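All chains, please: the whole structure from these sequences, using the hints.
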Amino acid sequence: MLKLEDLLIVQDDFELRADFMLEARRKYAVIGPSGAGKSTLLGALCGFVPLTSGRILWEGADITASHPGRRPITILFQDNNLFPHLSVRQNVGLGIRPDLRLSPEEKEDVDAALQRVGLLVHAEARPGNLSGGQQSRTALARVLVQARPLVLLDEPFAALGPALRMEMLDLVQDLVAETGASLVMVTHAPDDVRRIADEVIFVEGGRAQAPQPAAELMENPPSELRAYLG
Amino acid sequence: MADRAFKITPRLGAGAAGLLVALVLLALGGVLARAEFGTGLRPAEWAAIRFTVLQAALSALLSVGLAIPVARALARRRFRGRAILVTLLGAPFILPVIVAVFGLIAVFGRSGWINGALGAVGLPEVSIYGFHGVVLAHVFFNLPLVTRLLLQGWQGIPSEQFRLAAQLRLTPRAVFLTLERPMLRQTAPGALALVFVICLTSFAVALTLGGGPRATTVELAIYQAFQFDFDLGRAALLTLVQLVLAGGTALLAMRFVPELAVGGGLDRPLRRWDAQGGLVRLLDGVLIALGAGFLLLPLISVVLRGVSGLSQMPASVYLATGNSLMVAGLSVTLTLALALPMAGWIASRSRGGVEAVGLLGLAASPLMIGTGWFILINPVISPSALALPVTAIVNAMMALPFAVRVLVPPMRNLLERFLPLTQTLGMQGWPLWRWVILPRLRPQIGFAAGLSGALSMGDLGVIALFADPERVTLPLQMYRLMGAYRMDAAAGAALLLLVLSLGVFWVCDKGGRWGAEA
Numbered sequence: 047m048l049k050l051e052d053l054l055i056v057q058d059d060f061e062l063r064a065d066f067m068l069e070a071r072r073k074y075a076v077i078g079p080s081g082a083g084k085s086t087l088l089g090a091l092c093g094f095v096p097l098t099s100g101r102i103l104w105e106g107a108d109i110t111a112s113h114p115g116r117r118p119i120t121i122l123f124q125d126n127n128l129f130p131h132l133s134v135r136q137n138v139g140l141g142i143r144p145d146l147r148l149s150p151e152e153k154e155d156v157d158a159a160l161q162r163v164g165l166l167v168h169a170e171a172r173p174g175n176l177s178g179g180q181q182s183r184t185a186l187a188r189v190l191v192q193a194r195p196l197v198l199l200d201e202p203f204a205a206l207g208p209a210l211r212m213e214m215l216d217l218v219q220d221l222v223a224e225t226g227a228s229l230v231m232v233t234h235a236p237d238d239v240r241r242i243a244d245e246v247i248f249v250e251g252g253r254a255q256a257p258q259p260a261a262e263l264m265e266n267p268p269s270e271l272r273a274y275l276g
Numbered sequence: 175m176a177d178r179a180f181k182i183t184p185r186l187g188a189g190a191a192g193l194l195v196a197l198v199l200l201a202l203g204g205v206l207a208r209a210e211f212g213t214g215l216r217p218a219e220w221a222a223i224r225f226t227v228l229q230a231a232l233s234a235l236l237s238v239g240l241a242i243p244v245a246r247a248l249a250r251r252r253f254r255g256r257a258i259l260v261t262l263l264g265a266p267f268i269l270p271v272i273v274a275v276f277g278l279i280a281v282f283g284r285s286g287w288i289n290g291a292l293g294a295v296g297l298p299e300v301s302i303y304g305f306h307g308v309v310l311a312h313v314f315f316n317l318p319l320v321t322r323l324l325l326q327g328w329q330g331i332p333s334e335q336f337r338l339a340a341q342l343r344l345t346p347r348a349v350f351l352t353l354e355r356p357m358l359r360q361t362a363p364g365a366l367a368l369v370f371v372i373c374l375t376s377f378a379v380a381l382t383l384g385g386g387p388r389a390t391t392v393e394l395a396i397y398q399a400f401q402f403d404f405d406l407g408r409a410a411l412l413t414l415v416q417l418v419l420a421g422g423t424a425l426l427a428m429r430f431v432p433e434l435a436v437g438g439g440l441d442r443p444l445r446r447w448d449a450q451g452g453l454v455r456l457l458d459g460v461l462i463a464l465g466a467g468f469l470l471l472p473l474i475s476v477v478l479r480g481v482s483g484l485s486q487m488p489a490s491v492y493l494a495t496g497n498s499l500m501v502a503g504l505s506v507t508l509t510l511a512l513a514l515p516m517a518g519w520i521a522s523r524s525r526g527g528v529e530a531v532g533l534l535g536l537a538a539s540p541l542m543i544g545t546g547w548f549i550l551i552n553p554v555i556s557p558s559a560l561a562l563p564v565t566a567i568v569n570a571m572m573a574l575p576f577a578v579r580v581l582v583p584p585m586r587n588l589l590e591r592f593l594p595l596t597q598t599l600g601m602q603g604w605p606l607w608r609w610v611i612l613p614r615l616r617p618q619i620g621f622a623a624g625l626s627g628a629l630s631m632g633d634l635g636v637i638a639l640f641a642d643p644e645r646v647t648l649p650l651q652m653y654r655l656m657g658a659y660r661m662d663a664a665a666g667a668a669l670l671l672l673v674l675s676l677g678v679f680w681v682c683d684k685g686g687r688w689g690a691e692a
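Chains B and R supply the protein sequences, listed in that same order. Under the numbering used here, think of the first position of the first sequence as 47, with each following residue one higher. Under the numbering used here, think of the first position of the second sequence as 175, with each following residue one higher.
Think of the hints as simulated: they come from the structure by calculation, not from any bench. Since the structure is predicted, the reported quantities are computational estimates derived from the model, not experimental observations. For glycine and all other residues, C-beta sits at the position ideal for the given N, C-alpha and C. Any given hint could be a false lead.
Stated by the list, open to error - Which stretches of chain R does chain B cover? Using the computed rule of at least three CB atoms under 8 Å from a CB of chain B, they are: (1) 587–594; (2) 599–610.
To be verified - If you anchor each label on the Cβ, the simulated ranges turn out as follows: (3) B/Glu105 / R/Glu590: 32 to 38 Å; (4) R/Glu590 / B/Glu170: 25 to 31 Å; (5) B/Leu166 / R/Arg591: 24 to 30 Å; (6) R/Ile474 / B/Glu170: 46 to 52 Å; (7) B/Asn126 / R/Gln360: 31 to 37 Å; (8) R/Arg591 / B/Leu275: 31 to 37 Å; (9) R/Trp680 / B/Leu166: 38 to 44 Å; (10) R/Gly407 / B/Gly115: 57 to 63 Å; (11) R/Thr352 / B/Gly207: 43 to 49 Å; (12) B/Asp220 / R/Pro184: 39 to 45 Å; (13) R/Pro643 / B/Glu170: 53 to 59 Å.
Stated by the list, open to error - Chain R is nowhere near these chain B residues, computed Cβ spacing over 12 Å in every case: (14) Glu69; (15) Pro150; (16) Asp220; (17) Ile242; (18) Glu250.
The following block contains the structure:
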């Protein structure tokens with residue numbers, strides 16, 4: 047599905063290589079020490095971080111130079127996922143049309159997504175007046191209407207409490223199951239990996255390793271992963 | 175994360191910058207075509223250069239020298255009305271020069287309050303005309319500006335350092351040596367450079383309070399070559415002198431000139447534990463009262479005299495008011511139409527750029543541009559037919575550096591924060607402006623529009639070159655009333671102009687903030 051072909055990213059004295067495939071309808075956890083390049087990897091997939099060499103192929107087509115908005119990918123950042131001056135409904139609507147000129151059917155899609163995440167009653171609220179969990183739900187409703195085949199999470203729930211984070215991860219899991227998307231999530235918690243991931247991408251020592259089955263890997267980690275997990 | 179490779183309005187922004195440069199170069203071309211180098215500079219012109227440099231240097235020294243104790247007193251005292259006073263320190267910046275001059279004459283003039291008081295105790299009177307007057311007016315305009323700049327410097331000293339000073343029981347002198355003097359070493363040279371450059375291109379102050387062989391600035395000499403001799407060759411030559419003098423100095427001074435911050439947090443006084451002695455407090459109180467009086471008395475006198483003068487205003491004042499509002503509206507529109515794409519363009523580049531625009535604004539004096547265009551327009555149609563549009567364009571060009579300086583920093587922050595999100599959503603072009611940039615920058619856009627409108631409303635510069643009896647702006651009409659010694663009518667016009675300038679600023683600024691949230 048998404049092929050990373052001999053990817054090399056060089057920034058000053060930082061280097062990251064990757065060479066593997068992401069399959070459809072799979073859930074990947076990206077783990078590794080701080081500064082290893084987990085966020086950089088996601089940024090490169092989205093088109094925010096330029097590649098020094100290598101290609102990114104989507105179902106055989108080269109998207110290495112594509113604009114971030116034209117890739118089959120949607121991403122949630124650590125923060126700034128919502129525009130504070132726009133209503134919840136407008137924020138979600140931007141996922142369908144960047145100029146917000148929505149047809150009646152598209153407006154219904156927005157409301158259906160809000161209904162799905164339980165926020166239809168707050169559709170006219172500004173994000174600043176919502177709780178952290180409700181803000182996350184708003185961003186997820188937008189992911190739902192964007193309906194891209196690949197969803198990347200760069201620790202968007204890091205600021206939430208443990209229970210709320212689990213709730214959000216479960217919701218994400220349900221949403222990608224409904225849309226048939228693949229999920230790539232950066233995480234620091236081994237529990238998240240066990241709970242959600244089918245496969246693990248371990249980033250360390252300047253390399254993003256090819257995905258390995260999560261259950262086996264966590265049962266029987268190789269030495270550098272064991273050092274990281276502690 | 176925000177990759178600088180993605181540019182906001184690269185073509186429009188570069189186009190706006192190009193247009194600006196073209197307008198300046200066109201004026202320069204006109205000037206060069208007519209300048210007569212044959213006779214060189216005459217003694218009168220050398221005198222103008224000497225006067226210009228001397229008054230600018232003295233104005234800068236006095237403004238900064240007096241602002242230091244006032245800012246220091248304001249920084250360490252908390253009192254009722256402090257916030258209002260700090261806000262009022264920003265007022266001279268948008269105050270029409272001619273209105274301030276009128277107020278200064280009322281206070282310091284021959285029959286003014288000060289001379290009245292001096293005369294009552296048998297002291298000789300002071301004169302507001304000539305060298306003194308020009309410097310006095312420049313200090314009036316720049317002392318508050320510098321006080322604000324220095325207050326920013328004081329605000330920039332971390333509060334922990336004052337707590338540490340309190341713990342160590344440092345004396346005021348020790349606090350000055352360890353905390354304040356290093357800060358002043360960084361901020362004061364920039365303030366000096368800024369005031370010096372501003373005063374080099376002074377026109378309206380010199381026009382009203384200076385004049386004659388001993389108090390003429392280069393900018394005023396350009397106007398006089400026009401108005402009295404209609405000697406375009408000489409005006410063009412003087413314009414080149416001004417370009418070298420002001421432009422060269424601006425180029426040298428640019429690296430010192432500080433960022434102009436918008437409003438932020440100056441009204442929050444820091445809790446201080448030093449300088450609590452009775453004498454120091456008294457001294458600070460006197461300094462603040464003197465500073466406030468110097469700022470407020472001329473304004474109060476404008477209001478007091480103006481109220482009775484309102485009924486004396488001839489119909490020409492209303493005509494001029496309509497013209498001024500039109501010019502200001504056009505100027506605001508132009509400023510924003512140029513500044514917004516330019517700010518988008520500059521903010522998505524790495525540092526630099528803003529400085530270049532600012533330099534252009536400081537180096538190209540309004541009369542230089544006016545002279546150049548006059549020379550170009552004159553053979554085609556009567557320049558006075560274009561007096562109002564040309565004034566609006568030149569006003570917009572003068573406001574542009576400020577507008578860009580106001581808009582670029584928040585635009586940079588905005589892009590840093592939201593560019594990745596807008597990218598993944600595929601927002602570009604108009605939707606990006608419509609839904610993200612314009613709503614989020616509304617307070618700054620309102621502020622920039624207010625500055626531009628107020629500056630244009632009160633400008634007495636290029637219009638003086640182009641105007642005829644019908645196409646006048648309110649400041650020029652007021653100047654003419656003063657010239658005809660119709661002081662009551664002039665007082666009414668001054669009040670009207672004061673209210674309109676501050677009103678235009680207030681409406682735009684409030685309009686930008688209204689309903690906008692952080």
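Next on the checklist: Can you tell me whether the CB distance of arginine 591 of chain R to leucine 275 of chain B sits inside 31 to 37 Å?
Outcome noted: Cβ of arginine 591 of chain R to Cβ of leucine 275 of chain B: about 34 Å, so the range 31 to 37 Å holds.
Next on the checklist: Checking a non-interface call: every C-beta of chain R should be farther than 12 Å from the C-beta of isoleucine 242 of chain B. Is that right?
Outcome noted: holds, 22 Å
Next on the checklist: Can you tell me if the region 599–610 of chain R counts as covered by chain B, using C-beta to C-beta distances under 8 Å and a minimum of three residues?
Outcome noted: That given contact holds, which follows from 10 residues of the region 599–610 of chain R lying within Cβ reach (below 8 Å) of chain B.
Next on the checklist: Taking the Cβ atom of glutamate 105 of chain B and the Cβ atom of glutamate 590 of chain R, is their distance within the range 32 to 38 Å?
Outcome noted: Once the Cβ atoms are compared, 33 Å apart, the range 32 to 38 Å for glutamate 590 of chain R and glutamate 105 of chain B holds.
Next on the checklist: Holds or violated: the 53 to 59 Å window for the beta-carbon distance between proline 643 of chain R and glutamate 170 of chain B?
Outcome noted: holds, 57 Å
Item to check | Status of proline 150 of chain B, Cβ more than 12 Å from any chain R Cβ | outcome: holds, 20 Å
Checklist entry - Would you say glutamate 250 of chain B is clear of chain R, with no C-beta pair closer than or equal to 12 Å? => result holds, 22 Å
Checklist entry - Taking the CB of isoleucine 474 of chain R and the CB of glutamate 170 of chain B, does the distance hold inside 46 to 52 Å? => result holds, 48 Å
Item to check | leucine 166 of chain B versus arginine 591 of chain R beta-carbon gap, inside 24 to 30 Å or not | outcome: holds, 28 Å
Next on the checklist: Tell me whether the statement that chain B covers the region 587–594 of chain R is true, taking a Cβ distance below 8 Å and needing three residues at minimum.
Outcome noted: It holds, with 3 qualifying residues against the three required.
Checklist entry - If you check the beta carbons of tryptophan 680 of chain R and leucine 166 of chain B, does the distance land in 38 to 44 Å? => result About 41 Å separates the Cβ atoms of tryptophan 680 of chain R and leucine 166 of chain B, which means 38 to 44 Å holds.
Checklist entry - Do the beta carbons of asparagine 126 of chain B and glutamine 360 of chain R sit within 31 to 37 Å of each other? => result holds, 33 Å
The structure shown violates none of the earlier numbered hints.
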